[in-house]
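Enquirer: Chain by chain, the residues:
Number of protein chains: 2
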Amino acid sequence: MADPENGNPLSRGLVCPTPLSAEERVLLAHGGGGRLTHELIERLFLPAFRNDLLSRRHDGAVFDLGGSRLAITTDSYVVQPLFFPGGDIGTLAVNGTVNDLAMCGARPLYLSAGFILEEGLPLQLLEQIVISMRRAADLAGVTIVTGDTKVVDRGKGDGIFINTTGIGLLEHSLVIAPDRLLPGDQILINGDLGRHGIAIMASREGLNLETVIESDCAALNGVVGDLIRAGIEIHCLRDLTRGGLASALVELAEAAHRHLEIDESGIAVREDVQGACEILGLDPLHLANEGRFLVVVPANDAPRTLDLLRRTPTGTTAAIIGHVAESGPSRVTLKTRLGTTRIVEMLSGEQLPRIC
Amino acid sequence: MADPENGNPLSRGLVCPTPLSAEERVLLAHGGGGRLTHELIERLFLPAFRNDLLSRRHDGAVFDLGGSRLAITTDSYVVQPLFFPGGDIGTLAVNGTVNDLAMCGARPLYLSAGFILEEGLPLQLLEQIVISMRRAADLAGVTIVTGDTKVVDRGKGDGIFINTTGIGLLEHSLVIAPDRLLPGDQILINGDLGRHGIAIMASREGLNLETVIESDCAALNGVVGDLIRAGIEIHCLRDLTRGGLASALVELAEAAHRHLEIDESGIAVREDVQGACEILGLDPLHLANEGRFLVVVPANDAPRTLDLLRRTPTGTTAAIIGHVAESGPSRVTLKTRLGTTRIVEMLSGEQLPRIC
Chain A
52 MADPENGNPL SRGLVCPTPL SAEERVLLAH GGGGRLTHEL IERLFLPAFR
102 NDLLSRRHDG AVFDLGGSRL AITTDSYVVQ PLFFPGGDIG TLAVNGTVND
152 LAMCGARPLY LSAGFILEEG LPLQLLEQIV ISMRRAADLA GVTIVTGDTK
202 VVDRGKGDGI FINTTGIGLL EHSLVIAPDR LLPGDQILIN GDLGRHGIAI
252 MASREGLNLE TVIESDCAAL NGVVGDLIRA GIEIHCLRDL TRGGLASALV
302 ELAEAAHRHL EIDESGIAVR EDVQGACEIL GLDPLHLANE GRFLVVVPAN
352 DAPRTLDLLR RTPTGTTAAI IGHVAESGPS RVTLKTRLGT TRIVEMLSGE
402 QLPRIC
Chain B
52 MADPENGNPL SRGLVCPTPL SAEERVLLAH GGGGRLTHEL IERLFLPAFR
102 NDLLSRRHDG AVFDLGGSRL AITTDSYVVQ PLFFPGGDIG TLAVNGTVND
152 LAMCGARPLY LSAGFILEEG LPLQLLEQIV ISMRRAADLA GVTIVTGDTK
202 VVDRGKGDGI FINTTGIGLL EHSLVIAPDR LLPGDQILIN GDLGRHGIAI
252 MASREGLNLE TVIESDCAAL NGVVGDLIRA GIEIHCLRDL TRGGLASALV
302 ELAEAAHRHL EIDESGIAVR EDVQGACEIL GLDPLHLANE GRFLVVVPAN
352 DAPRTLDLLR RTPTGTTAAI IGHVAESGPS RVTLKTRLGT TRIVEMLSGE
402 QLPRIC
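Going down the list, the protein sequences come from chains A and B.
Take 52 as the starting number for the first sequence in this note's numbering and just add one per residue.
Take 52 as the starting number for the second sequence in this note's numbering and just add one per residue.
Simulated from the structure, these hints should not be mistaken for lab results.
Do not take every clue at face value.
Where chains are identical, the list cannot tell them apart; a pair therefore holds if satisfied intra-copy or between any two copies.
Each computed DMTMM-like pair below joins lysine to aspartate or glutamate, with the alpha-carbon atoms no more than 20 Å apart [stated by the list, open to error]:
(1) K386 x E396
(2) K386 x E312
(3) K207 x E169
(4) K386 x E256
(5) K207 x E256
(6) K207 x E170
Keep in mind the model is a prediction, meaning the values are calculated, not measured.
Take these sequences, add in the hints, and give me the full structure.
Expert: Quick look at the structure:
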């Protein structure tokens with residue numbers, strides 16, 4: 052194929068600015084949503100795919116088409132185990148992508164579903180997962196309109212991987228993006244942290260906890276729609292999946308070039324989740340959630356926002372957890388319950404592989 | 052999660068009409084694009100996801116949004132080997148999805164890219180694939196606007212799987228669908244068959260053929276755009292990927308409820324491809340292609356269509372290969388070069404797993 056315009060990828064800046072060595076290999080932590088995931092994007096994907104939409108680094112891309120403002124987002128789901136308290140890979144594959152659209156401020160409309168099946172997967176199990184997807188789609192008000200199925204040889208997959216890609220419509224004039232953050236903005240969270248991470252971890256490791264901790268997996272488009280319809284001036288939204296609250300805050304601070312000050316006392320963690328974290332040596336700030344998000348709003352909109360978040364069935368522990376500082380470095384500081392202050396970091400290694 | 056409306060999946064018709072037994076398992080042939088893939092869709096996916104858009108059974112879904120007509124399509128790519136003569140998994144992941152949009156009559160605009168990486172994959176290899184994707188996207192005139200990366204443990208994947216989902220715009224009033232087929236319509240193909248299938252098979256099996264057969268992998272949106280702009284009254288388009296020409300024709304006949312009569316003498320197969328088929332015991336009609344498609348047009352548009360197909364660099368062997376019969380059962384008959392007639396069937400087993 053002739054390709055005269057493309058020439059040497061190096062000369063076009065397609066390859067990464069810090070060259071990759073032949074020894075560097077993909078690690079589990081590259082998929083963990085922490086520092087290595089971030090580096091892989093910065094060093095490899097962004098230079099190669101470089102374009103204006105991608106550079107905005109949101110949960111999805113927002114673009115104009117025929118007079119409408121649309122959003123598109125994609126996620127592959129590789130969670131293990133496939134079934135866990137509170138959901139399964141099918142529920143997750145619908146809600147996760149619905150939520151990424153919601154975080155763009157879009158009303159989710161249509162999903163595609165791409166299946167990679169491992170030879171030998173029982174068809175009844177596939178059917179259960181597919182029915183979960185339909186139910187989650189009905190609850191979120193989206194339609195699965197197109198799909199694809201591939202099969203890989205036994206031992207070359209892991210039961211089932213699902214990709215969902217979603218399209219949504221922006222029906223307002225808000226610009227929801229990290230660079231909208233202003234000093235004094237309040238940062239809110241819609242409830243307690245860490246149930247998805249612990250649900251997966253406990254079922255994977257066969258932990259015998261006193262209570263069964265269910266994933267918080269849920270669609271967030273309803274509550275985001277409530278905020279938009281109430282006229283809240285949303286500056287940014289971010290869901291707290293892989294990498295948890297810590298990664299979301301650090302990414303936000305870096306993308307916005309703002310200093311964020313967080314107060315630990317506002318962050319709710321259920322006692323059973325806290326207990327499991329202590330047993331497992333995990334930090335709730337790094338735990339994955341599938342029904343939790345941050346919303347950043349001007350201070351005068353914060354009380355109404357909090358009220359709307361608390362009205363949702365799982366939002367009784369919603370809280371204002373911090374604010375955008377007047378000045379300071381592009382990082383996140385946490386005032387702990389003990390009154391000390393520490394810098395919040397993205398997870399650099401691997402805490403919970405294959406959490407979604 | 053309360054879900055009062057959904058109730059029993061059986062009562063809502065979400066489960067398949069012919070119940071799945073506990074013994075039934077996913078086979079490689081379920082991903083082969085032949086009879087078993089077809090059955091999996093009919094028995095499992097369609098009943099569960101049931102909706103108007105999905106039921107049209109096209110390569111993608113076409114819907115109206117804010118006054119525009121859009122198409123969405125998804126495909127996961129699991130090809131082995133990752134690099135082959137004429138392309139790699141990255142080229143394929145872009146062109147395959149671009150082509151599915153083109154088959155809906157859409158101008159491809161944006162792609163998402165979801166990566167499932169196996170722990171241990173060399174980063175330089177990933178970089179090569181990602182650069183191939185960018186080049187293929189530039190050639191096809193599409194932009195990769197959003198992405199996702201997951202990592203699975205060593206031995207739970209196979210180097211790299213890629214999902215791409217595409218959005219395109221329909222800029223004409225044609226309705227391109229199997230049910231538009233009319234008696235007397237002519238069926239054309241844009242060139243010779245089987246090079247992708249043989250390229251993969253030969254490199255996978257380490258076959259030492261006299262010539263290196265390169266995949267025909269290419270974007271088809273250019274030539275489809277030419278046909279649309281020329282005012283050709285396109286009734287249907289279908290690309291000849293998994294399952295090859297045979298599956299495409301049989302699916303078309305079944306979906307259109309029409310009898311298709313094909314003349315083998317019109318179908319071009321290069322001598323080296325024919326030779327490889329004989330060595331390997333393969334039927335060129337079942338071989339996968341990644342740059343070939345069928346177009347069905349009214350008889351009076353056929354000469355102009357043929358002319359436009361032949362003007363493309365790889366279209367010199369484009370031909371009229373058959374027509375829609377006045378009546379007869381919903382199947383495909385082939386007049387062979389020997390003058391006999393046979394029924395064309397979808398592949399029922401597995402010919403070439405993981406061809407795309």
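Enquirer: With reference to the structure, classify each hint as holding or not holding.
Expert: How the hints compare with the structure:
Taking CA atoms no more than 20 Å apart as the test, K386 paired with E396 passes inside one copy only; the shortest distance there is 14 Å, against 69 Å between copies. For a Cα distance limit of 20 Å, the shortest separation of K386 from E312 inside one copy, 8 Å, qualifies, whereas the shortest one across copies, 76 Å, does not. In this assembly of identical chains, the alpha carbons of K207 and E169 lie at most 20 Å apart whether taken from the same copy (7 Å) or from different copies (10 Å). In this assembly of identical chains, K386 and E256 lie within 20 Å of each other by CA distance neither inside one copy nor across copies; the values are 32 Å within and 61 Å between.
For the homomeric pair K207 and E256, the shortest alpha-carbon distance between copies (18 Å) is at most 20 Å, but the shortest distance inside one copy (23 Å) is not. With identical chains, the CA atoms of K207 and E170 are at most 20 Å apart both within one copy (9 Å) and between copies (12 Å).
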